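These protein sequence lines map, in sequence, to chains A and B.
Going by the working numbering, the first residue of the first sequence is number 1, and it counts up by one from there.
Going by the working numbering, the first residue of the second sequence is number 1, and it counts up by one from there.
Treat the hints as calculated values from the structure; they're not laboratory data.
Among the hints, erroneous ones may be present.
Intra- or inter-copy, both count: the list cannot distinguish identical chains.
In silico DMTMM-like pairs for lysine to aspartate or glutamate, Cα to Cα no more than 20 Å straight-line [to be verified]: (1) K114 with D174; (2) K175 with E165; (3) K175 with D126; (4) K114 with E95; (5) K117 with E188; (6) K190 with D30; (7) K99 with D30; (8) K190 with E25; (9) K117 with E128; (10) K170 with E128.
All values derive from a computational prediction rather than experimental measurement.
Protein chains: 2
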Amino acid sequence: MMNRIITIGREFGSGGREIGRRLAEALHMDYFDREIITEISQRTQLAEEYVQLVVERKPHKLYPITIGRTMQPVIMPVSQTDQSIYIEQHRIIKELADKSPCVIVGRCADEILKEYKPVRIFVYADMESRIKRCQERRSQEESYTDKEWRQRIMEMDKKRSKYYEFYTGKKWGDKQNYDFCINTSCLEIKSFVPRFARLIEAEKDI
Amino acid sequence: MMNRIITIGREFGSGGREIGRRLAEALHMDYFDREIITEISQRTQLAEEYVQLVVERKPHKLYPITIGRTMQPVIMPVSQTDQSIYIEQHRIIKELADKSPCVIVGRCADEILKEYKPVRIFVYADMESRIKRCQERRSQEESYTDKEWRQRIMEMDKKRSKYYEFYTGKKWGDKQNYDFCINTSCLEIKSFVPRFARLIEAEKDI
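Only chain A is shown next, with the shape it has when bound in the complex (with noise of 0.2 Å):
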């Protein structure tokens, strides 16, 4: 019998991964997120701001080039290595579904993980909101103003949706995509959390 997986898709800054990981704590599964990146850097014994990098941006297709007049195709390394950090998240993703239950955030893994019919939750929030989040949570060396914020979490938005549909074929935040969709602009997560995590863990058997 399958673990049951919740995926958690969301737009950067509207507080997709304090959900996930309150819903996890509230539904006593496991939590992943960032510890698939620290997890594919041991193995593939790349950096782990390396492994980050790749997995954010869009990744290219591999194909291959002719250098010079050989006329030969030839693998680029670097996307060899991409791709081998693509592979190396696959399959992570699909060892962590099957030890235990858990809720992953991104890394399209509502697709990697299908047939484990995932309770696919897409979090997001008007712009205003999520500037006023990315502000409140910055870190010390984040100092940014209202308009960088603004144009950073486009170009985040950007980027996932990019990857996403690279590697679903699918639109990213489309709703026909995911089971539920959360408006976080006027919601409060600590509070809002426990009371989802009820309504959830009836559907599919959670």
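Please arrange chain B on chain A, whose structure you already have, making use of the hints.
Same frame as chain A, but now just chain B:
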């Protein structure tokens, strides 16, 4: 103090009406859908069938037209009738919201009642499950093939979409316009709604 309001937008055949009805029941709120048409009909002395027709089709802006050589602006009577139906609908929805806490399905109630800060829900499902639902719920007279239902579903959605966009200037079904979007494709509505009612009754102090 304003009454608590829940508005429900829905794709045709997705079960949005059923969710609305059951939600009203669970939360002891009034429920309005078809009742609004009946009320408009009584107030305007127009047949329910005609009112239904008007509120379902894309409205035309009122504009003066010139007939023959007179160059005098003339308002077409049919448009005046239509306009009075829209005005009546707007007025009735506000009256209902003032009278008691309620669930209102469709009719751009989310926009008309925005100052009430309603909980805005959108209900959707994949085409397959909507066709299935239509086949199960059809009346004796409605004998359509799956292909015909698909056609009908797409037509109804198109009407709703145009109507909503005309009155609100916003995109129908765009998740940004709603607080929760619910995919009913794999949902057992009857058991889901009581749990969902508990979830949202704590939101915005319903």
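Outcome of the hint check:
1. Only within a single protomer do K114 and D174 lie at most 20 Å apart by alpha-carbon distance; the minimum there is 16 Å, versus 24 Å between protomers.
2. Taking the shortest Cα distances, K175 and E165 sit within 20 Å of each other both inside one copy (14 Å) and across copies (19 Å).
3. With identical chains, the CA atoms of K175 and D126 are at most 20 Å apart both within one copy (16 Å) and between copies (10 Å).
4. Only within a single protomer do K114 and E95 lie at most 20 Å apart by alpha-carbon distance; the minimum there is 14 Å, versus 47 Å between protomers.
5. In this assembly of identical chains, the alpha carbons of K117 and E188 lie at most 20 Å apart only when taken from different copies (15 Å versus 28 Å within one copy).
6. Taking CA atoms no more than 20 Å apart as the test, K190 paired with D30 passes inside one copy only; the shortest distance there is 18 Å, against 30 Å between copies.
7. Proximity of K99 and D30 under a CA criterion of 20 Å is satisfied intra-copy only: 10 Å inside one chain copy versus 47 Å between copies.
8. When the C-alpha separation of K190 and E25 is checked against a cutoff of 20 Å, the pair qualifies only within one copy, where the shortest distance is 12 Å, while the shortest distance between copies is 28 Å.
9. Taking the closest pair of Cα atoms, K117 and E128 come within 20 Å of each other only across two copies (17 Å); inside a single copy the shortest separation is 34 Å, beyond that limit.
10. Within a single copy, K170 and E128 get their C-alpha atoms only as close as 27 Å, which misses the 20 Å cut-off; across copies the closest is 18 Å, which meets it.
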